Structure formats: C-alpha cells, structure tokens
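**Student:** Please take these sequences and the hints and turn them into a complete structure.
There are 2 protein chains.
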Amino acid sequence: MTGLNVIKVGGKIVEDPSALGNLISSFVAMKGLKILVHGGGRTATDLASRLGIESRMVNGRRITDAATLKLVTMVYAGLINKDIVARLQAAGVDSTGLTGADMNCILSRKRPVTDVDYGYVGDVEKVDSDVFSKLLSSGIIPVIAPLTHDGKGSLLNTNADTIASEVAVSLSSCFDVTLTFCFEKKGVLARPEDDDSVIPVIDKQAFVKYKAYGTIRGGMIPKLENAFAALEAGVSRVVITEAGELGRNNGTVVKL
Amino acid sequence: MTGLNVIKVGGKIVEDPSALGNLISSFVAMKGLKILVHGGGRTATDLASRLGIESRMVNGRRITDAATLKLVTMVYAGLINKDIVARLQAAGVDSTGLTGADMNCILSRKRPVTDVDYGYVGDVEKVDSDVFSKLLSSGIIPVIAPLTHDGKGSLLNTNADTIASEVAVSLSSCFDVTLTFCFEKKGVLARPEDDDSVIPVIDKQAFVKYKAYGTIRGGMIPKLENAFAALEAGVSRVVITEAGELGRNNGTVVKL
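Chains E and P are the protein sequences, given in the same order. Read in the numbering used here, the first sequence has 444 at position 89, and its numbers run on one by one without any break. Read in the numbering used here, the second sequence has 587 at position 232, and its numbers run on one by one without any break.
Hints are computed from structural coordinates only; laboratory data are not their basis. Hints may contain errors.
Note that the list lumps identical chains together, so a pair holds whenever it fits in one copy or between two copies.
Cut-off 25 angstroms, straight-line C-alpha distance, at most; resulting in silico cross-link-like pairs (SDA-like, lysine to any residue) [as the list claims (entries may be wrong)]:
1) 507 with 372
2) 559 with 421
3) 489 with 549
4) 489 with 449
5) 540 with 552
6) 559 with 574
7) 541 with 371
8) 367 with 384
9) 610 with 533
10) 489 with 445
11) 566 with 549
12) 540 with 566
13) 507 with 366
14) 610 with 410
15) 507 with 445
16) 367 with 422
17) 507 with 496
18) 559 with 448
19) 489 with 563
20) 465 with 447
21) 507 with 493
22) 481 with 492
23) 507 with 373
24) 507 with 387
25) 507 with 449
26) 465 with 445
27) 507 with 491
28) 481 with 448
On a predicted model such as this, the values are computed, not experimentally measured, just so you know.
**Tutor:** Below, the structure written as structure tokens:
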C-alpha cells in the first residue's frame with residue numbers, strides 16, 4: 356500500500372513563529388502523501404482572556420460554552436489554519452484548510468453530559484476517507500483544524516490528537532499510515548526534567564507501568580491512549596517526536 | 356453554457372442569525388451550480404473594539420495593519436465562513452470554505468502605498484477557475500471568505516464584492532454566470548428613505564447621473580463599479596437584491 360503520513364502538531368509549535376517555520380520546512384521536506392492536523396489551544400486561551408471569556412479545563416480538555424465555541428472557531432479554523440495554508444503555498448505545497456464541516460469530512464456527536472458537561476465538544480462519529488483520498492490524489496495536502504460538526508448546523512470542538520487518530524485510522528484501509536504526534540519535546544521522557552531522556556519504544560505494558568509511577572502524566576496520557584487505539588484499529592506506526600525531527604526516525608515509537 | 360450563480364452576501368446578513376437563516380434557505384433552494392462569497396466587516400469591527408484594536412476606514416475600505424489582518428482572518432475565515440458551511444451541510448448542501456490561500460485559488464498582490472497605505476490589503480491578480488470548476492463538478496459548493504494570499508506566505512484582506520466579481524469573471528469563459536450582490540435592501544434605491552423605491556435597471560449612463568445627483572453614494576459606488584467591470588469582462592447578468600429575494604428576479608439589474 357502507498358505510504359501516508361498523518362502529522363499532528365500541538366499548540367506550542369503552531370503558535371511560535373520560529374517553531375512554526377521549522378515545522379513547515381520539515382513538513383515540506385517529507386516525501387510522499389501527507390496530512391497535517393493542528394491544535395492551537397494556547398492562542399485560544401490567550402484570546403479568551405483578552406475578551407474576558409473564562410477558560411475552563413477538566414482533565415486537560417476545554418469546556419466549550421457558546422462563546423468559547425466561537426472563539427476556538429476563530430482561532431483554529433481562521434487564524435492558525437489559514438496561516439499554515441498560506442505558508443505551505445509559499446513553500447510550493449498546495450494545500451487546503453478544513454474543519455470537519457468542510458466537505459462534510461468529519462461528522463461528530465455532541466458529547467453527552469455525564470458528571471462533566473463539556474459543552475460544544477464533539478466525539479468523532481464518521482470520517483469520510485474519500486474526501487481526503489481525493490484531495491491527496493489531486494496533489495492537495497489537507498490541513499485540518501480541530502473542529503468537527505454535528506450535521507445539524509453546529510461546529511463542535513474536538514481534540515486535535517483524536518482527529519489525527521481518527522483520520523489516520525479511517526485512511527489505514529487504503530494506505531500504509533504512519534501517525535506522528537509532534538510537540539515541543541524530543542519524545543516521551545523518562546525524566547521530565549531531562550530533555551534527552553527519550554523513551555525510544557513504549558508498548559502497552561510499559562505504558563501501564565509508567566502511568567502508575569507518574570512518569571507519564573497529564574496530557575501525555577490521552578495522547579498515548581489515542582496512539583494505542585490507532586494501532587489497534589489499523590495504523591501501521593505511531594511516533595511521538597519534536598516538530599524539527601519530523602521524518603528523521605527519532606522520538607518515541609509506540610507499539611502494541 | 357451551463358448556468359452558474361455567484362452570490363455575494365454582505366455583513367449585515369451573515370451576522371444576523373435570522374437573516375442568515377433566510378439567506379441559507381433561499382440559497383439552498385436555488386437550483387443549479389452556485390458559489391457563495393461573504394463579507395463580515397461588522398463582526399470584525401465589533402471584535403476589534405472588544406480587543407482594543409482601532410478600526411480605521413478610508414473610502415469605505417478597512418485599513419489592515421498586522422493586528423487587523425489576524426482579526427479579519429479569525430472572523431472571516433473562521434467564525435463566519437465555518438458557520439455558513441456547517442449550516443449548509445445541515446441543509447444537505449455539501450460545501451467547503453475557502454480563502455484565496457486554500458488550493459491557491461485566489462492570488463493577489465499587496466496594494467502599493469500611494470496617498471493611502473491600506474496595509475495588508477490584496478488586489479486580485481489571478482483566480483484559478485479550475486479549482487472552482489472541479490469543486491462544482493464534484494457537487495461541492497465553494498463558500499469564499501474575503502481573504503486572498505500573496506503567494507509569499509501572507510494572507511491579504513480583500514473586498515468581498517471584488518472577490519465575487521473576479522471569481523464570476525474568471526468562470527464566465529466556462530459558464531453562463533449570473534453575479535448577484537445581496538444586501539439588506541431590496542435593490543438600489545432611488546430614495547434612500549423609501550425601501551420600495553427600487554431602481555429596476557441601471558445602465559452606465561444612469562449610474563453616472565445617479566452618482567452626480569448623490570442618489571447613489573458610499574459603499575454602493577464601488578459595488579456598481581464592480582458590477583460594470585464584471586459585465587464588461589464577460590459576466591452575463593449582475594443583480595443587486597435582498598438576500599430573501601434570491602432567485603426571484605427582483606431587485607436591480609445592472610447592465611452596460
């Protein structure tokens with residue numbers, strides 16, 4: 356099967372002009388088919404504070420009330436997404452920005468209220484892999500903002516890691532998919548204070564152990580849970596690495 | 356040639372939930388191929404004021420400094436564009452939001468500084484009509500935000516009427532194009548205070564006369580100048596009407 360790289364980049368990268376420049380260079384240099392999924396939570400939090408909108412997080416997830424949904428739509432689908440697309444075009448890489456509403460590519464369902472009401476947050480129901488296949492075969496790189504839609508007229512805020520995983524899984528029936536999560540560290544660290552203590556390989560058993568020890572915590576837990584779910588659902592490889600290391604086979608490889 | 360409707364809707368419509376609902380209904384009901392171009396200046400002005408960014412207008416055009424470019428990118432390409440796309444999807448109309456950077460569909464050049472420095476404002480250089488033809492032939496309605504790009508990594512703020520005209524003109528070699536400008540009035544009015552005083556037809560001679568009398572003034576002048584330029588460049592019909600009257604052959608018809 357043809358190879359396909361699905362790359363997810365976190366907030367700190369896309370929101371720092373210099374880090375973003377490095378990401379664009381390394382992304383452009385990657386050969387073959389590729390899809391970029393980006394976050395942008397820090398800019399959203401900053402803009403929220405300038406607008407006097409309270410940012411509330413539970414378990415690392417943003418509570419998305421109506422005002423926050425507007426805010427993240429502006430920041431994710433507007434500011435960050437279009438900046439990346441314009442930069443890719445300048446580098447000669449044809450691309451198009453997408454939310455899940457565009458071409459109906461990612462449909463989701465508003466998360467049911469249990470002990471927490473996350474508000475306008477969507478759990479992915481269906482990725483239309485044809486949309487992505489057709490764009491890729493036309494030479495157009497999809498750049499996906501972390502927003503989906505419910506098919507009833509509302510956008511829904513959706514975790515970028517989840518979107519990257521779901522897109523990777525849906526395309527794994529047609530492509531040999533490598534899913535890479537880029538962030539500001541070189542990989543998953545054994546000692547958070549030591550940037551060079553990258554764990555080269557993590558399997559499920561090691562994950563359980565690291566989690567119990569507290570070595571792996573916070574936002575890394577859902578990231579790795581996503582990684583394992585993606586592998587179980589057909590993705591060939593999951594890599595967690597630094598944006599500047601894209602395509603260099605460094606970082607942490609996650610395997611079942 | 357196959358018919359194609361290029362519809363431009365102004366700020367007051369897309370920013371008022373009830374007017375937007377009417378627009379979506381009448382747009383969805385239109386048969387045949389169609390493209391939607393939207394504005395959104397009022398929301399941008401409102402958000403600018405909440406963020407303490409000064410909105411400066413010269414001759415009805417926004418001066419776009421770096422902070423304002425970010426702002427309009429958020430509002431036009433994010434908030435308004437994605438709201439429209441999500442609503443169209445809910446109405447069963449497949450669509451995708453675009454700026455000029457997406458799929459490199461509208462390239463522009465930063466306006467040279469003369470007596471006024473408009474800042475990050477783009478004058479359209481090239482519309483890639485293939486991008487729009489391909490989307491239309493795939494059953495996808497393009498929804499265009501009033502932003503273009505310079506091909507060097509920067510988005511540029513571009514008047515939505517101009518974008519609608521340029522897109523209509525570029526597609527007029529392959530389609531029989533009707534270009535419709537929707538706004539909050541029933542058409543061009545002979546007496547601004549009388550909403551029913553719609554001028555049914557305006558030709559160039561009448562335009563010069565109305566302008567001299569001051570009957571036509573302000574934002575309507577560039578709108579009509581755009582209309583005449585579009586007709587001269589190959590567009591079949593230009594109509595100026597109310598959003599709710601879309602497709603009903605009311606309003607003002609502009610002809611050479």
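**Student:** What label fits residue 507 with residue 491 when the C-alpha limit is 25 angstroms: within, between, both, or neither?
**Tutor:** between (28 angstroms within a copy, 23 angstroms between copies)
**Student:** State whether the alpha carbon distance between residue 481 and residue 492 is at most 25 angstroms within one copy, between copies, both, or neither.
**Tutor:** For residue 481 and residue 492, the Cα distance is within 25 angstroms both inside one copy (21 angstroms) and across copies (24 angstroms).
**Student:** Given a CA cutoff of 25 angstroms, do residue 489 and residue 563 count as a within-copy pair, a between-copy pair, both, or neither?
**Tutor:** neither (39 angstroms within a copy, 49 angstroms between copies)
**Student:** At 25 angstroms max between alpha carbons, let me know whether residue 507 reaches residue 493 within a copy, between copies, both or neither.
**Tutor:** Between copies only: 22 angstroms across, 29 angstroms inside.
**Student:** Can you tell me if residue 566 and residue 549 fall within 25 angstroms by alpha carbon in one copy, between copies, both or neither?
**Tutor:** within (18 angstroms within a copy, 71 angstroms between copies)
**Student:** Could you place residue 559 and residue 421 in one of the four classes (within, between, both, neither) given a Cα distance threshold of 25 angstroms?
**Tutor:** neither (38 angstroms within a copy, 47 angstroms between copies)
**Student:** Quick one: residue 540 to residue 552, C-alpha cut-off 25 angstroms, is that within a copy, between copies, both, or neither?
**Tutor:** For residue 540 and residue 552, only the intra-copy Cα distance (10 angstroms) is at most 25 angstroms; the inter-copy one is 66 angstroms.
**Student:** Given a CA cutoff of 25 angstroms, do residue 367 and residue 422 count as a within-copy pair, a between-copy pair, both, or neither?
**Tutor:** Close inside one copy (23 angstroms) and across copies (20 angstroms); limit 25 angstroms.
**Student:** Between the shortest in-copy and the shortest cross-copy C-alpha distance, which are at most 25 angstroms for residue 465 and residue 445: within, between, both, or neither?
**Tutor:** Result: close only across copies, 15 angstroms inter versus 37 angstroms intra.
**Student:** Evaluate residue 559 and residue 448 at a C-alpha cut-off of 25 angstroms and name the case that applies: within, between, both or neither.
**Tutor:** neither (37 angstroms within a copy, 43 angstroms between copies)
**Student:** Go through the copies and call it for residue 507 and residue 373: within, between, both or neither, with a Cα cutoff of 25 angstroms.
**Tutor:** Between copies only: 16 angstroms across, 39 angstroms inside.
**Student:** With identical chains, the pair residue 489 and residue 445 could be close in the same copy or across copies; at 25 angstroms between alpha carbons, which is it: within, between, both, or neither?
**Tutor:** Answer is both: 23 angstroms inside a copy and 23 angstroms across each meet the 25 angstroms cutoff.
In the structure shown, a violation is registered for the earlier hints numbered 2, 3, 14, 18 and 19, in ascending order.
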